[in-house]
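Participant: The primary structure of each chain is shown beneath.
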Amino acid sequence: MSSSKLAARTIALAYLALLLLAPVLMIFYRTFEHGVAPVWSAVSAPNAQHAFWLSLEIVAIAVPLNTVFGIGMALLLERGRFRGKALLGMLIDLPFAISPVVVGLSLVLVYGKTGWLGDWLAARGIQVIFSVPGMVIATAVVCLPFVVRETVPVLRELGVDSEQAAETLGASAWQAFWRVTLPGIRWGVVYGVVLTTARALGEFGAVSIVSGRVEGQTQTLPLYVQDRFENFDSTGAYTAAVVLALLALATLLAMNLLTRRTHRRTAL
Amino acid sequence: MAIEVREVSKRFGDFVALEDVSITVSDGALTALLGPSGSGKSTLLRIIAGLESPDSGEVVIEGNDVTDAPARSRGVGFVFQHYAPFKHMTVHDNVAFGLSVRKRPKDEIRARVEELLGLVRLSGLAGRYPSQLSGGQLQRMALARALAVQPRVLLLDEPFGALDAQVRAELREWLRRLHEEIHVTTIFVTHDQEEAMEVAEQIVVMNAGRIEQAGAPRELYESPRNEFVMSFVGPVNRLGDAFLRPHDIQILPESNGTGTEALVERVVHLGFEVRVELKLHDGRDVWAQVTREVAHELELTEGQILSVRLPAPHVFAR
Chain D
371 MSSSKLAART IALAYLALLL LAPVLMIFYR TFEHGVAPVW SAVSAPNAQH AFWLSLEIVA
431 IAVPLNTVFG IGMALLLERG RFRGKALLGM LIDLPFAISP VVVGLSLVLV YGKTGWLGDW
491 LAARGIQVIF SVPGMVIATA VVCLPFVVRE TVPVLRELGV DSEQAAETLG ASAWQAFWRV
551 TLPGIRWGVV YGVVLTTARA LGEFGAVSIV SGRVEGQTQT LPLYVQDRFE NFDSTGAYTA
611 AVVLALLALA TLLAMNLLTR RTHRRTAL
Chain R
19 MAIEVREVSK RFGDFVALED VSITVSDGAL TALLGPSGSG KSTLLRIIAG LESPDSGEVV
79 IEGNDVTDAP ARSRGVGFVF QHYAPFKHMT VHDNVAFGLS VRKRPKDEIR ARVEELLGLV
139 RLSGLAGRYP SQLSGGQLQR MALARALAVQ PRVLLLDEPF GALDAQVRAE LREWLRRLHE
199 EIHVTTIFVT HDQEEAMEVA EQIVVMNAGR IEQAGAPREL YESPRNEFVM SFVGPVNRLG
259 DAFLRPHDIQ ILPESNGTGT EALVERVVHL GFEVRVELKL HDGRDVWAQV TREVAHELEL
319 TEGQILSVRL PAPHVFAR
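For the protein sequence lines, the chains are D and R, in the order given. Position in the first sequence (first residue = 1) + 370 = our numbering. Position in the second sequence (first residue = 1) + 18 = our numbering.
Don't read these hints as lab results, they were simulated from the structure. Each residue gets a CB set at the ideal place from its N, CA and C atoms; glycine is no exception. Please note that a few of the clues may not be correct.
Covered by chain D, per the in silico footprint, the following chain R stretches (three or more residues, Cβ under 8 Å) [stated by the list, open to error]: (1) 81-91; (2) 113-120.
Anything over 10 Å on all C-beta distances counts as not near chain R; from chain D, calculated [claimed, not checked]: (3) Ser372; (4) Gly482; (5) Gly582.
Non-contacting residues of chain R with respect to chain D, defined by C-beta distances greater than 12 Å in every case (computed) [said to hold, decoys possible]: (6) Ser44; (7) Pro123; (8) Glu126; (9) Ala160; (10) Asp182; (11) Val185; (12) Val202; (13) Pro235; (14) Pro264; (15) Asp266; (16) Thr278; (17) Glu283; (18) Leu298; (19) Thr309; (20) Ala313.
Generate the whole structure from the sequences, applying the supplied hints.
Facilitator: And the structure:
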């Protein structure tokens, strides 16, 4: 290895270590600093438990919603021929560009008590803001681009030939989608889903605004971490943070295993 | 008639892909659509398959007007230029696809797939994935997949275009024999006149969205209707308005007065044939194609003066 290559690698690794590895390891270290007992009691605190399940609930609703929407939108953007397509593409990317806090605020403006749809929703007894529906919406909006952006390129690479082949072989549009298109783009979709899941689990800004942060009611794991941190309960904060990190790791690991197994099978 | 295309036109924006095109293909025939790229041959094939719809005109398959019918109900087998394999399926599942979307019994599917894989000589490869096949094997898999649903018509878009020369020659021969065996009405698109001549029973020559001439290979070669066909189906010399085939130019031993005097400018050996570039005494350039033996006998060398006998030229009305 040449010395310049070595230098480049060292710098890259050092950068990664300082920015990513050290902080994450520090969290793990600090959490287990005083043994397992305090961690266990922090994990079993009712508010921590509630936050954990609420986070999973939101992910369980928002991720499937975004997956279906994302695939549909990717098909529209890649295969559709209509005016304003470029504009639509930009619109999809908007959540990447706007701060999540702004997303949260704008949702309050529409769905809140004094918001645009507030009266209509209140009259029907539907509460969006300061409750789970609002948090799901906020999470979905913030994660909107992931599945779309990961699916569009694989859809383009797949091309229309194999779908047309399916058609000439007698498949209906529905059959062609399920048997040819979807399997053809599955890695893009899976990757999009993983990113969406990771992002949804960690979402703070938008959810923080629309949830009202009611302890034990509308507190997701990231909000709980913040809450514990502000209340000088460092063990509680670190423990919840570690749980979040483990969830994210599990998501990435699941994708890795899934990808590897199927790749071996199809030898792509 | 197995296929009739009547006065079909198709535009893509400002580009005229097809203009008033009509062809008929008889039952069981093997037909080539021959033309340069952009001539509309692939578009015509896709319109017959139902993958594109014509702006005007009709497509009739076995007496049924299918102009507005979707591709899946036309009973056509289509082999795409790049084979369009289902990459996530095994060879077996690729070939079985058409039967499996029709919900045929598993035993029937297995038997049919086995039979077809035998026909295309892929028997041992049923469990492979497309990424593990060579170009020629992919081509044959795509063909078996198209044949599985027993199409009334088989359509192939540049079937040999993406293969290297040797595999191409092999597959051509094989396709012709396969066609003799199963006798399904077949149309294939090609830009290679040699390929069309070798494989097809009927050739439709296309240019700029129109049909220049349709007929048997020999007919096209011997009596081309116009300049385009003449120069597309074989090599030509052009002398003003007259066209000559290089192999029709006869080279005589020496300037013995019976022919036209010519100067040998260049002799190019291309294996069996030899290309002789000549300057006629009136200053016009022609080239002649002779066999190696003839070249040897005449001891052709550059700078030599000899005499040539020109054939009756083809002259086309303008």
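Participant: Now tell me if each hint is right for this structure.
Facilitator: Hints, one by one, checked against the model:
Counting residues of the region 81-91 of chain R whose C-beta lies closer than 8 Å to any C-beta of chain D gives 4; at least three are required, and the coverage claim holds. Counting residues of the region 113-120 of chain R whose CB lies closer than 8 Å to any CB of chain D gives 4, so the stated coverage by that chain holds, three being the minimum. Interface exclusion of Ser372 (chain D) from chain R stands, the closest Cβ pair being 35 Å apart, more than 10 Å. With 10 Å as the threshold on Cβ separation, the claim that Gly482 (chain D) sits away from chain R holds: the shortest Cβ distance comes to roughly 46 Å.
Here Gly582 (chain D) stays apart from chain R, with its beta-carbon at least about 46 Å from theirs, past the 10 Å limit. No Cβ of chain D approaches the Cβ of Ser44 (chain R) within 12 Å, the least distance being about 22 Å, so the stated non-interface status holds. Annotated as non-interface, Pro123 (chain R) keeps its C-beta farther than 12 Å from every C-beta of chain D; the closest such distance is 16 Å. Taking the minimum C-beta to C-beta distance to chain D, about 15 Å, the non-interface status of Glu126 (chain R) holds against the 12 Å cut.
Annotated as non-interface, Ala160 (chain R) brings its C-beta within 12 Å of a C-beta of chain D; the closest such distance is 8 Å. Listed as a non-interface residue, Asp182 (chain R) keeps its Cβ farther than 12 Å from every Cβ of chain D; the least gap is roughly 21 Å. Taking the minimum C-beta to C-beta distance to chain D, about 21 Å, the non-interface status of Val185 (chain R) holds against the 12 Å cut. Listed as outside the interface, Val202 (chain R) is consistent with that label: its C-beta sits roughly 14 Å from the nearest C-beta of chain D, beyond the 12 Å cut-off.
The beta carbon of Pro235 (chain R) is kept farther than 12 Å from every beta carbon of chain D, the shortest such distance being approximately 28 Å. The non-interface label for Pro264 (chain R) is consistent with chain D: the shortest C-beta to C-beta separation is roughly 40 Å, beyond 12 Å. Annotated as non-interface, Asp266 (chain R) keeps its C-beta farther than 12 Å from every C-beta of chain D; the closest such distance is 43 Å. With a closest Cβ-Cβ approach of about 54 Å to chain D, Thr278 (chain R) is found to remain outside the 12 Å limit, as its non-interface label requires.
Listed as outside the interface, Glu283 (chain R) is consistent with that label: its C-beta sits roughly 48 Å from the nearest C-beta of chain D, beyond the 12 Å cut-off. At the 12 Å boundary, the C-beta of Leu298 (chain R) stays outside the reach of chain D, the nearest C-beta of that chain being 51 Å off. Separation of Thr309 (chain R) from chain D is adequate, the least Cβ-Cβ distance of about 44 Å exceeding the 12 Å criterion. Even its closest Cβ contact with chain D, about 47 Å, leaves Ala313 (chain R) beyond 12 Å, as expected for a residue assigned away from the interface.
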